[in-house]
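J.: Chains as they are written, first to last, in this note's numbering: chain A, 1 to 633; chain B, 634 to 950.
Incorrect hints may have been included.
[Said to hold, decoys possible] Now the stretches of chain B that chain A is said to cover, found in silico as 3 or more residues with beta-carbon under 8 Å:
#1 707-717
#2 735-744
#3 752-759
#4 869-875
#5 890-900
#6 908-922
[Said to hold, decoys possible] Stretch-level coverage of chain A by chain B, calculated; a stretch enters the list once three of its residues show a Cβ under 8 Å from a Cβ in chain B:
#7 113-122
#8 314-325
#9 342-352
#10 377-390
#11 408-416
#12 541-549
[As the list claims (entries may be wrong)] Cβ-Cβ distance ranges computed for the label pairs, FRET-style:
#13 A892(B) - E387(A): 53 to 63 Å
#14 I506(A) - L948(B): 39 to 49 Å
#15 G153(A) - P726(B): 37 to 47 Å
#16 V918(B) - L560(A): 53 to 63 Å
#17 L948(B) - F135(A): 18 to 28 Å
#18 P726(B) - R586(A): 32 to 42 Å
#19 W639(B) - G517(A): 51 to 61 Å
#20 G517(A) - G949(B): 50 to 60 Å
#21 G536(A) - Q803(B): 57 to 67 Å
#22 K30(A) - Q803(B): 54 to 64 Å
#23 A892(B) - F392(A): 44 to 54 Å
#24 T694(B) - I506(A): 44 to 54 Å
#25 K684(B) - D534(A): 48 to 58 Å
Treat the hints as calculated values from the structure; they're not laboratory data. Cβ coordinates follow ideal geometry from the N, Cα and C atoms, glycine included.
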Amino acid sequence: MRRVLFPLGALAGLCLAAAAVISIALPAEKLVLPIGLPDLPIHLRRDALSSVFLFLLGAASAGISIFGAGYFRAGEGTAPGLLCLQYHLFLASMGFVLLADDAYGFMVSWEMMALSSYFLVTTQHRIPEIRSAGFLYLLIAHLGAIAILLSFGVMQGGSWQFTFDAMRSATLAPTWAAVAFSLALFGFGAKAGLVPLHVWLPEAHPAAPSPVSALLSGVMLKTALYGMLRVTFDLLGAPTWWWGLIPIALGLFTAIYGVVFAAAQTDMKRLLAFSSIENIGILFTGVGLAIVFLGVGMTTLSALALIAVLYHAINHAFMKSLLFLGTGSVLHATGERNLGRLGGLIHRMPWVAWLTLIGALAIAGLPPLNGFVSEWLLLQAFLSAHEVPRSFVNMLLPLGAAVIALAAALAAYVMVKFFGVIFLGQPREAGLAKAHDAGWLERVGLLWLAAGCVALGLMPTQVIALLALIPEQLGIVEAMPTASSWWHLVPVSGRAAAYAPLVFLIAIVATIIITVGLVSLLYHRRSRRSAPWDCGFARLDARMQDTAEGFGQPIRHIFLQFFDMQRELPTPFDRAPHYRVVVGDRFWSSIYLRLAKWVQRVAEAVAWLQQGRIATYLLYSFITLIVLLALVL
Amino acid sequence: MTSLHWLTQFIEVLAALAAAPLFVGWINQCRAWLQNKSAPSLLQPYRGIRKLFHKDAVLATQASPLFRLAPYVVFGSMVCAAAVIPSLGTRLPFSDAADAIALVGLFATARVFMSLAAMDVGTAFGSLGARREMLVGFLAEPALLMVIFLASLIATSTSLPAISEGLATQTLALYPSLAFTGVAFVLVLLAENARIPVDNPATHLELTMIHEAMLLEYSARHLALMEWASALKLFNYACIGFALFLPWGAATGDAPALATLLASIPILGLKLLAAGSVLALIETVSAKLRIFRAPEFLATAFLFAVLGLLVHLLLGA
């Protein structure tokens, strides 16, 4: 059954993506569904912003679903039929989140999304760690949902109409607008994994089956970004410029925090989860930059920053889904998630290895793949930040470019670790010799996403021409300056900056081919195989390769302050030397555990009310009634 | 684009390919003189590369296709980088394809492929070298980007030829901010090209190696390409330095005379001679740092670059 339903879902995803691309240039369309509570129909609306995210949802889920058709199989945990239902419910609710045009419909689909994904995360619900990871996810998702609900409550501005149209036309006092913005930032930040609300992410992503992790990281995090953009640029209308500084600061910190933790991980899915946190940081930085530019009236740059954000969101959906699915294939082939027990899989699983390599290079921000384009656009936007007519801010903002550059360079470090330890070198365990390559359905899914990474990287002009419609429809800018030619990316002005990935790729490939040709023509192509050089130590084996811990050691050393680290080091005299290092999150111990302790204490104090006797409870009701009567009369 | 621009582009790439090993030879010669040794011939790097091309390649039994692909990718990236950097003229047809940020990305691509290839065979030293190279790389890359950002703020462009032309054609103005970033750039150059004090290009002591450790498994034509690529990288860095800090002498403008193009070649040669002797001097007077002092070294570079940026934003100069 799954062999039919999942490909059908993939087909639906493809249709959705195609429809989104076609509809992006059309004016906004509305629909009122007569379902829901009496006199409270659900309003739907599709505009350019929705279309972009619908494309992201459709295109990424098409690859993930076709992979899922080959991946999911009966075993421990949720039955396949139920899993299939939850999976498609999750997809549908994300679609409705993107289309909702009133707070009611938005919150209902938002909750459906949270709940269906909760059940997907806890597929292996017999394992206690996975249950607690799911609980943490559910808890933070609901804290966020409450904040979003309150934000909608503020934005209706006294009209008590909860359609988005009413919110667009409501005029808010500056203070209330700021309150609504902060609540939305908290709520959507919690869903997206903005530090310090990120703790659920590295727990929930590894717990879920890999296609679900891919959906969570690649698509669901972007719905939070969609909500943030919808509230900031559409519902609130004209954001004040200094609001943008908050997402910039949080985003930059999140980016560095995420990537530094990613470098220290030894579980491949946790590593990718932290890398998602990094990318969410980059996205929110871009959102903040767009707000600052818009607030001071630099509309073209605001649109540029917004386009960079949308581009990066689509890119990240493709790259991260690809990587998560790659780990899924590795997990199925070897049964291992721990990097320290993998290695050398490029020989056993060439398809998965080479396709994952594309994703890894893309997310490391290397030209001419897609990750580079969006980071390039964001850096271009940052480079103009010194023109912001606010003193001090115009000096601090260009330094943000340095932080983005550092995050991108660290991402390359993380990806070399990720790819190198899993796929290169020699197998670290004997069992890896039995690893098999992914089946054809899985390959098709991986291939689709990898092709997306390449295409998005090589055709930035076309993508940007479509994305430029969003700032135009949101009324941020009249018309974006159009590109000079179809292969040549020029964001702002002619001689200021240009990037032509296709020429770039052709040049590199041509150089490589010419070099190969010349070398074999002028000299020879003879080669022979031999054992690697062992530096004179004849008993070199696979255990002597660098481990994942070893590869992360320089990062742990340099960014020592970030980690809550416990180490047990052996002494030189140990007969059975034992080394253990546990890298913890400081936010967990300093905020969450304290908060939990405090909640526990309050709950214990309140528990005094529970006497367990009917008479006491009746007394409470009576007192409440008296108090209410006294208030009313 | 006139045919002269294409000619400039063509000559520039050829000059880079030919002059890069010569530049390394010159540095080695200067260093030997400064250290009171008898110097190897200027052509010694060429002889090394030629010898390697003639040999049979020996591949480790467990080497994957990635291992064989990497030298070509690294070499190709460096050749493309040489095509973007305005060493002889500033109106290069290829320069529109990649601005300075893409150039940094190109260097990063080469570094990532080199590190992946080093991890491919799965020996202890290979992955050690890969880890250290990526460590140096992630620290040096932001510093280099900050240097480029400052120059692009001054020239309001991130295209390297446009920056260079902007700096070269304006009336001689002194930018105090450029002095700071100049220091930063030299530090980055030393670190990125495996020079003392971060790495020692002449070492064969495994424990201290970074760059050489990654190449341990390479032989014959693959090694030749890697060696040539690292010479090209050093040459490219030197040319970036000239483009930013000594932009005079390159052929500028929409229609440069053939004479300026011809004159720019000896001028570039003179700049390289000077830069090579300065590099040799720096390498001779400084000692190699422990690997965990390298972050401090590069943090200094980064701070200098940031300081330059702040000076520029404060003083507008």
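J.: If a hint holds in the structure, say so; if it does not, say that too.
T.: Status of each hint after checking the structure:
| no. | hint | result |
| --- | --- | --- |
| 1 | 707-717 | holds (count 6) |
| 2 | 735-744 | holds (count 6) |
| 3 | 752-759 | holds (count 7) |
| 4 | 869-875 | violated (count 0) |
| 5 | 890-900 | violated (count 0) |
| 6 | 908-922 | violated (count 0) |
| 7 | 113-122 | violated (count 0) |
| 8 | 314-325 | violated (count 0) |
| 9 | 342-352 | holds (count 4) |
| 10 | 377-390 | holds (count 4) |
| 11 | 408-416 | holds (count 7) |
| 12 | 541-549 | holds (count 4) |
| 13 | A892(B) - E387(A): 53 to 63 Å | 40 Å, violated |
| 14 | I506(A) - L948(B): 39 to 49 Å | 43 Å, holds |
| 15 | G153(A) - P726(B): 37 to 47 Å | 59 Å, violated |
| 16 | V918(B) - L560(A): 53 to 63 Å | 32 Å, violated |
| 17 | L948(B) - F135(A): 18 to 28 Å | 56 Å, violated |
| 18 | P726(B) - R586(A): 32 to 42 Å | 52 Å, violated |
| 19 | W639(B) - G517(A): 51 to 61 Å | 22 Å, violated |
| 20 | G517(A) - G949(B): 50 to 60 Å | 52 Å, holds |
| 21 | G536(A) - Q803(B): 57 to 67 Å | 59 Å, holds |
| 22 | K30(A) - Q803(B): 54 to 64 Å | 56 Å, holds |
| 23 | A892(B) - F392(A): 44 to 54 Å | 50 Å, holds |
| 24 | T694(B) - I506(A): 44 to 54 Å | 35 Å, violated |
| 25 | K684(B) - D534(A): 48 to 58 Å | 24 Å, violated |
The structure is inconsistent with the numbered hints 4, 5, 6, 7, 8, 13, 15, 16, 17, 18, 19, 24, 25, although it conforms to all the rest.
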